[in-house]
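Chains as they are written, first to last, in our numbering: chain A, 110 to 435; chain B, 422 to 760.
Please note that the accuracy of each hint is not assured.
To be verified - Listed next, the stretches of chain B that the computed footprint assigns to chain A, with coverage defined by at least 3 CB atoms under 8 Å from CB atoms of chain A:
(1) 495-504
(2) 512-522
(3) 638-644
To be verified - Every beta carbon over 12 Å from chain A, so not counted as near; a handful from chain B, in silico:
(4) 460
(5) 465
(6) 540
(7) 586
(8) 631
No wet-lab data here; the hints were simulated from the structure.
For each residue, glycine too, the CB sits at the ideal point set by N, CA and C.
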Amino acid sequence: MEDYRLRKTKQKFGAFWGNFGLPLIFIIMFAIFAISTPSFRSTYNFLNNLSFSSYVGIAAIGMTFVIMTGNFDISIGSMLSLVAVLGSSFIPKIGGAVGIISALLIACILGFLNGIFVTKLRIPAFITTLGMLFVFRALAFIYTNNVPVYISDRFWLYFGNGKLFDVIPFPILLMGVCYGAAYLLLRRSPVGRYIIAVGTNPRAAALSGINVDNIKILVFTLLGLFVGISAVTNSANLGSANPGLMGQDFEFQVITAVVLGGTALSGGNGSLGGSFIAALIVTFLNNGMGLMQVNSYWQMVATGLVMIFAVSLNKLKFFLLGQGEF
Amino acid sequence: MKRQLKIFVITALCLALAITLSFIGCKKEEAAEGGMQVKTYTNAADITIGFSLWTMEFTFFQNVEKGVKDACEDLGFKYVMIDQNSDATKMVQDINALVGQKVSGIVVTPVDPGAIGPAVENARKAGIPVVCADIGKSGPVNALMISNNFKGGELAAEFLASKLNDKTKPLGLGNLLPQWTYARQRGEGFLSKAMELEYNVAANIIVQNPSAEGGYDTMQQILSAVPDVAGVYFTSGREAVGAAQAIQAAGKDIWSVGYNGDPEEFQAIKDGVLDATILQEPYYIGYRSVEILKEILMDGKFYENVEVPVDVKLVTPENIDQIAADILEKTGNSAFPAQ
Numbered sequence: 110m111e112d113y114r115l116r117k118t119k120q121k122f123g124a125f126w127g128n129f130g131l132p133l134i135f136i137i138m139f140a141i142f143a144i145s146t147p148s149f150r151s152t153y154n155f156l157n158n159l160s161f162s163s164y165v166g167i168a169a170i171g172m173t174f175v176i177m178t179g180n181f182d183i184s185i186g187s188m189l190s191l192v193a194v195l196g197s198s199f200i201p202k203i204g205g206a207v208g209i210i211s212a213l214l215i216a217c218i219l220g221f222l223n224g225i226f227v228t229k230l231r232i233p234a235f236i237t238t239l240g241m242l243f244v245f246r247a248l249a250f251i252y253t254n255n256v257p258v259y260i261s262d263r264f265w266l267y268f269g270n271g272k273l274f275d276v277i278p279f280p281i282l283l284m285g286v287c288y289g290a291a292y293l294l295l296r297r298s299p300v301g302r303y304i305i306a307v308g309t310n311p312r313a314a315a316l317s318g319i320n321v322d323n324i325k326i327l328v329f330t331l332l333g334l335f336v337g338i339s340a341v342t343n344s345a346n347l348g349s350a351n352p353g354l355m356g357q358d359f360e361f362q363v364i365t366a367v368v369l370g371g372t373a374l375s376g377g378n379g380s381l382g383g384s385f386i387a388a389l390i391v392t393f394l395n396n397g398m399g400l401m402q403v404n405s406y407w408q409m410v411a412t413g414l415v416m417i418f419a420v421s422l423n424k425l426k427f428f429l430l431g432q433g434e435f
Numbered sequence: 422m423k424r425q426l427k428i429f430v431i432t433a434l435c436l437a438l439a440i441t442l443s444f445i446g447c448k449k450e451e452a453a454e455g456g457m458q459v460k461t462y463t464n465a466a467d468i469t470i471g472f473s474l475w476t477m478e479f480t481f482f483q484n485v486e487k488g489v490k491d492a493c494e495d496l497g498f499k500y501v502m503i504d505q506n507s508d509a510t511k512m513v514q515d516i517n518a519l520v521g522q523k524v525s526g527i528v529v530t531p532v533d534p535g536a537i538g539p540a541v542e543n544a545r546k547a548g549i550p551v552v553c554a555d556i557g558k559s560g561p562v563n564a565l566m567i568s569n570n571f572k573g574g575e576l577a578a579e580f581l582a583s584k585l586n587d588k589t590k591p592l593g594l595g596n597l598l599p600q601w602t603y604a605r606q607r608g609e610g611f612l613s614k615a616m617e618l619e620y621n622v623a624a625n626i627i628v629q630n631p632s633a634e635g636g637y638d639t640m641q642q643i644l645s646a647v648p649d650v651a652g653v654y655f656t657s658g659r660e661a662v663g664a665a666q667a668i669q670a671a672g673k674d675i676w677s678v679g680y681n682g683d684p685e686e687f688q689a690i691k692d693g694v695l696d697a698t699i700l701q702e703p704y705y706i707g708y709r710s711v712e713i714l715k716e717i718l719m720d721g722k723f724y725e726n727v728e729v730p731v732d733v734k735l736v737t738p739e740n741i742d743q744i745a746a747d748i749l750e751k752t753g754n755s756a757f758p759a760q
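This is chain A alone, in the form it adopts within the complex (with noise of 0.2 Å):
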């Protein structure tokens, strides 16, 4: 009896913890530099950390869907600035608002290429990311022989810089969207059925008709529509996309994001949301640290340490749910 009241603890605080536990580390977070450092309080610098969040937390989106069906792909940073300096190059010819519906093409174009060779040449993911972490980053060079594509477009600009009602920054509602779509294309529509289903059990899933494959190509392409989105944000609010510069260890971020969330590796379920406070997390912690004047070097070993005890707590949650050892 004391047995079975034990588990049920155990399963109730697992599950709270699931639910609830990055939130609350998002909450402690905050607090602590909030009480520290006043000149992080301010409604502008919250803003500004949500703003600069979006980029990671917007191509966190397609990463989750990606690794939900057991892949990944190391090769978002190269995509990221090779969408940004192809897409914002034919603004002279094409305009800012055609640009960016040609960038997104571009990024989808880029995500179902690596879909196919992952799927119909069973090259695994990541061996074909990493070839395409290279050939997309070469390409990006040599494209703009190495020099930065100026950006003035306004339309284009605004995708960085604009706010609502001059307060709200616009990245952050296109997160929201995306987020929100996101939320409706996983847990409201077939297709996220068939990704987490393809994603807990390829050969089941197969086997009740779904064409994995197919699966498969749908989220590279979708990981590619959300990288290209970050790559429009993220080049407007620089004003200018540096082939070499622009997505340095994105990739590195974006699926730390989504593993910190509670996204398995392994595949199977995963949670938007855990993506979206992972990236909150990562990018208010940076900004934190800088504000309170930590030295950069002991900024890295924060940020490694806290990744390390929000995933170990994570392991725990499966733990008490009777998922797992830990």
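Starting from the known structure of chain A, fit chain B onto it as the hints suggest.
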């Protein structure tokens, strides 16, 4: 399904509305752009200088930071520094954070000068003057402190010409990537002076990987392209040291010149591996940047897009000890690597 379609349509309409409202918001900003209103101070203790630095990884930037910090201490200003960690996105985020902190003035050493435009515009709209300490800029700033890179290139060409004293001997150039608009003048000055002195720069190769290894590889390429090259100039410090090591490994007798005055270069000159370097003054660049902000904030002096050239010097085995002693006296740092 119909319900989902409805939600999608509503979401799309909301987005379209948001874009429209954003346009209206931005147009308002344009109208307010008309010129920079700077708040002036009478009490130095009320002034906070924010510094956004490329990285603390390299000695050059450590010295820029020391200059900024020392100037703030000497002038009685408060000082806040944020490290960009070599990340252009973080650089913009940091500059915006400094604006949010309501600092009085900003010094920035940008990792990507092409990307500071919108962030600097944002700061200046908030009445915060911005001085770029080296590297470059895009769009208007109050002042840019920048080494006289063209002159540095000329000094390198003159040095090689004086040592070779034979116009038939070819020269080589390890150049910077095209994106570094200001630093590329180091190569342009060299090419211009070499042409004036009637020397042929037979190889002009871009160092693709900005590191000692990149310099080593590029030097090997120069040796393959021009086997009888007699003198080379590399436009950055670590690359020059790598190139000098490649010359040594190849057993060739080639004159070599670097640029920056990094501790590794000083050591290489002392060891007889590198023949000379062009010394920049990062400490002075940092210090003077704060002095300019003081002139704007306290003396009401007008600075708008002013480029302030900073002199450079040739360092050779003959004058290295004197220059190292001067650096130690001025900055408190040794010009040589820490033992």
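Minimum Cβ-Cβ distance from residue 586 of chain B to chain A exceeds 12 Å | holds (36 Å)
Check the non-interface label on residue 465 of chain B: least C-beta distance to chain A beyond 12 Å or not.
-> holds (20 Å)
Per-stretch coverage check for the region 512-522 of chain B, three Cβ contacts closer than 8 Å to chain A = Result for this restraint: holds, n = 8.
Please settle this one: residue 540 of chain B was flagged as non-interface, so is its CB more than 12 Å from every CB on chain A?
-> violated (8 Å)
Please confirm whether residue 631 of chain B is truly not at the interface, meaning its C-beta sits more than 12 Å away from all C-beta atoms of chain A.
-> Violated, because the least Cβ-Cβ distance between residue 631 of chain B and chain A comes to about 10 Å, which does not exceed 12 Å.
Coverage of the region 495-504 of chain B by chain A (three or more Cβ within 8 Å) | Since three or more residues must qualify, the claim that chain A covers the region 495-504 of chain B holds, with 4 doing so at under 8 Å.
The region 638-644 of chain B covered by chain A? Criterion: 3 or more residues, Cβ-Cβ distance below 8 Å.
-> violated (count 0)
Against chain A, does residue 460 of chain B hold up as non-interface, every C-beta pair farther apart than 12 Å?
-> holds (17 Å)
Comparing the model with each numbered hint stated earlier shows that hints 3, 6 and 8 do not hold.
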